[in-house]
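Chemist: These protein sequence lines map, in sequence, to chains P and Z. Here my numbering is used: the first residue of the first sequence is 235, the next is one more, and so on. Here my numbering is used: the first residue of the second sequence is 21, the next is one more, and so on.
Since the hints were made in silico from the structure, they are not lab data. C-beta atoms are modelled at their ideal positions from N, C-alpha and C, and glycine is treated no differently.
A few chain P residues that face chain Z, going by a derived Cβ cut-off under 7 Å, partial list only:
#, residue
1, C268
2, S270
3, G271
4, A272
5, P291
6, G292
7, N546
Result set (DSS-like, lysine-lysine): computed pairs, CA atoms no more than 25 Å apart in a straight line:
#, chain 1, residue 1, chain 2, residue 2
8, P, K327, P, K363
9, P, K520, Z, K43
10, P, K535, Z, K43
11, Z, K111, P, K538
12, Z, K43, P, K537
13, Z, K131, Z, K26
14, Z, K26, P, K269
15, P, K333, P, K388
16, Z, K83, P, K269
17, P, K269, Z, K65
18, P, K538, Z, K43
19, P, K340, P, K464
20, P, K464, P, K476
21, P, K269, P, K243
22, P, K513, P, K537
23, Z, K65, P, K537
24, Z, K83, Z, K65
25, P, K537, P, K520
26, P, K535, Z, K65
27, P, K476, P, K513
28, Z, K65, P, K520
29, P, K535, P, K464
30, P, K269, P, K298
31, P, K363, P, K388
32, P, K538, Z, K65
33, P, K424, P, K520
34, Z, K43, P, K513
35, P, K537, P, K464
36, P, K424, P, K538
37, Z, K90, Z, K131
38, P, K366, P, K335
39, Z, K43, Z, K65
40, Z, K65, P, K298
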Amino acid sequence: MAKLFFDGKAVPIGPSESILDALLRDGYNVPYGCKSGACQSCMLQAQSGELPANCQPGLSDSLKQLGYFLSCSCYPKADATLQVHSSPDSVQKVPAVVKEKTFIGKNTLRLRLRAAINYQPGQYLTVWKDAKLARSYSIASVASLQPELEFHIKHIPQGEFSNWVATALQTGDTLYLQGPMGTCFYTSGKPEQPLVLAGIGTGLAPLYGILREALEQQHSGEVFLYVGAKSSENFYYVEKLKQLESSYSNVQVKFICQHTTADHSGDYYVPGDIYEIIKQRHPDMKQHKIFLCGAESFVRKLKKQCFLAGANMNEILVDTFLAFKS
Amino acid sequence: MSVYEKIGGAAAVDAAVDIFYRKVLADERINEFFDTVDMETQHAKQKAFLTMAFGGPNEYTGKDMREAHKHMNLNEEHFNAVAENLVGTLKELEVPQEYIDEIVTIALSVKDDVLNV
Numbered sequence: 235m236a237k238l239f240f241d242g243k244a245v246p247i248g249p250s251e252s253i254l255d256a257l258l259r260d261g262y263n264v265p266y267g268c269k270s271g272a273c274q275s276c277m278l279q280a281q282s283g284e285l286p287a288n289c290q291p292g293l294s295d296s297l298k299q300l301g302y303f304l305s306c307s308c309y310p311k312a313d314a315t316l317q318v319h320s321s322p323d324s325v326q327k328v329p330a331v332v333k334e335k336t337f338i339g340k341n342t343l344r345l346r347l348r349a350a351i352n353y354q355p356g357q358y359l360t361v362w363k364d365a366k367l368a369r370s371y372s373i374a375s376v377a378s379l380q381p382e383l384e385f386h387i388k389h390i391p392q393g394e395f396s397n398w399v400a401t402a403l404q405t406g407d408t409l410y411l412q413g414p415m416g417t418c419f420y421t422s423g424k425p426e427q428p429l430v431l432a433g434i435g436t437g438l439a440p441l442y443g444i445l446r447e448a449l450e451q452q453h454s455g456e457v458f459l460y461v462g463a464k465s466s467e468n469f470y471y472v473e474k475l476k477q478l479e480s481s482y483s484n485v486q487v488k489f490i491c492q493h494t495t496a497d498h499s500g501d502y503y504v505p506g507d508i509y510e511i512i513k514q515r516h517p518d519m520k521q522h523k524i525f526l527c528g529a530e531s532f533v534r535k536l537k538k539q540c541f542l543a544g545a546n547m548n549e550i551l552v553d554t555f556l557a558f559k560s
Numbered sequence: 021m022s023v024y025e026k027i028g029g030a031a032a033v034d035a036a037v038d039i040f041y042r043k044v045l046a047d048e049r050i051n052e053f054f055d056t057v058d059m060e061t062q063h064a065k066q067k068a069f070l071t072m073a074f075g076g077p078n079e080y081t082g083k084d085m086r087e088a089h090k091h092m093n094l095n096e097e098h099f100n101a102v103a104e105n106l107v108g109t110l111k112e113l114e115v116p117q118e119y120i121d122e123i124v125t126i127a128l129s130v131k132d133d134v135l136n137v
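Turn these sequences into a full structure, and let the hints steer you where they fit.
Modeler: In C-alpha cells form, the structure reads like this:
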C-alpha cells in the first residue's frame with residue numbers, strides 16, 4: 235500500500251484510489267472541478283516522494299520540477315511514500331546575514347545575503363526587516379556560482395523598506411527570508427530551445443539569474459536578453475552582460491531606452507519601444523521559451539503579445555513586480 | 021464513447037486551448053470579453069469551456085451558464101463568433117468532421133442559456 239501524508243498527517247489511500255478521492259473521503263476540503271485532469275483546480279504540491287507518471291498533464295516544466303501535480307489524476311505506486319502539502323509555499327522564516335550592500339546603478343542596490351535556502355534563480359523570496367515590515371525580491375544569483383543570495387533593490391527614497399536598506403542596513407545584520415516562491419526559472423530538458431528574456435528596471439535581477447543558470451546548464455539554443463529602462467541612467471550590470479555576450483556566441487543582449495530622442499550611435503543602448511523591437515525581431519515565437527519580469531503593466535502587455543505571436547502559454551513564464559500598497 | 025474520449029480527452033483540450041484562446045483574443049468581434057487582466061485565469065476558463073464543449077466531464081448547469089453570461093449583453097453574432105473559432109480550432113487540429121459536428125451540437129445546446137433568451 236502506498237503511504238500518503240497530507241500536511242504531515244497520514245491519510246489512508248486505496249490501491250486504485252486517486253489522492254483527491256482519498257483526501258475527500260478522509261474529510262479534507264480540497265478544491266476540485268472536472269476530476270479528469272483538465273481544469274487544474276485540484277493541483278497540489280508534493281514535498282517528497284516519487285510521483286507516478288501521468289499526474290502532471292498540461293503543467294509547465296517549472297511546475298513539474300517543483301512537484302506540482304493534479305491530485306485527481308494521481309494514483310500513487312504501491313511502494314510510494316508521498317508527502318503532500320495544502321499550502322505549497324513554505325512559511326518558515328530563515329535567518330540571513332548581510333554580506334554586502336552596494337549601489338550598482340544610480341537607484342539600484344545590490345544586496346548579498348548568506349542563508350540556508352534552496353532556490354532556483356528567478357524565484358523570489360520575501361525579505362523581512364522585522365516582524366512587521368517585508369518586501370519580496372527576485373533572486374539574481376546562481377547557487378553553484380556564488381555562495382550568497384543576490385537581490386537587486388530599486389531605491390525609492392520615500393519607500394519604507396528600500397530606504398531602510400539604503401540608509402540603515404549594515405553588513406553583518408540579520409534579516410529573515412521566506413520562500414522561495416514563483417515558477418519563473420530555467421528548466422533543463424530542451425537545450426536547443428530559443429529563449430527570450432525581457433525585463434524593465436530591476437526586472438533584470440531574475441533574468442540575470444535565469445540567464446546564468448541556462449548557461450551553467452549548457453543551454454545551446456539562442457538566448458536573447460532585452461533590458462528596458464525609461465532612462466539610460468537606470469541601466470546597470472552593462473559590463474557584466476557585455477562580457478557574457480562576448481563569451482557565449484549564442485547570447486545576444488540589447489539595452490533599450492524608452493525615452494530618448496538624441497543620437498545614440500556608438501552607445502551601448504538603442505532608443506525605442508521594447509514591445510516593438512521584440513515584435514519585429516521575433517515574429518514567430520512558437521518554439522520559444524519566454525521569461526518576462528517587471529512591473530505588472532509591462533508583463534501583461536508583453537505576455538499577450540508573445541502569446542499572440544504563437545508562444546505556448548506554458549512556455550511563457552512571468553515574474554510580476556507588484557508595487558507595495560499601504 | 022463520448023466525443024471527448026474519441027478525440028483524446030484532456031490531451032485534446034490541452035492541444036486546443038492555446039489555439040482557441042489565441043483566436044478569440046485576435047477576433048475583434050469578441051476579444052473584449054476575453055482580454056482580461058489575468059491570462060492564467062482566462063486560460064483556465066477556456067479549458068473548462070472546451071472540456072464542456074467536447075462533451076467531457078463538467079459540472080455546468082443551465083443556471084450557471086445564464087448567471088455567468090448575464091451581464092455581458094451577448095447577441096447572436098457573439099455566439100457565432102465563438103462557435104466559428106471553436107470550429108476553426110478543431111479544423112486546425114484535423115479533428116474529423118463527424119466529431120466537429122458532434123461538438124457543435126453540444127455548443128448549440130447551451131446557446132439559449134449563454135444568450136439568456
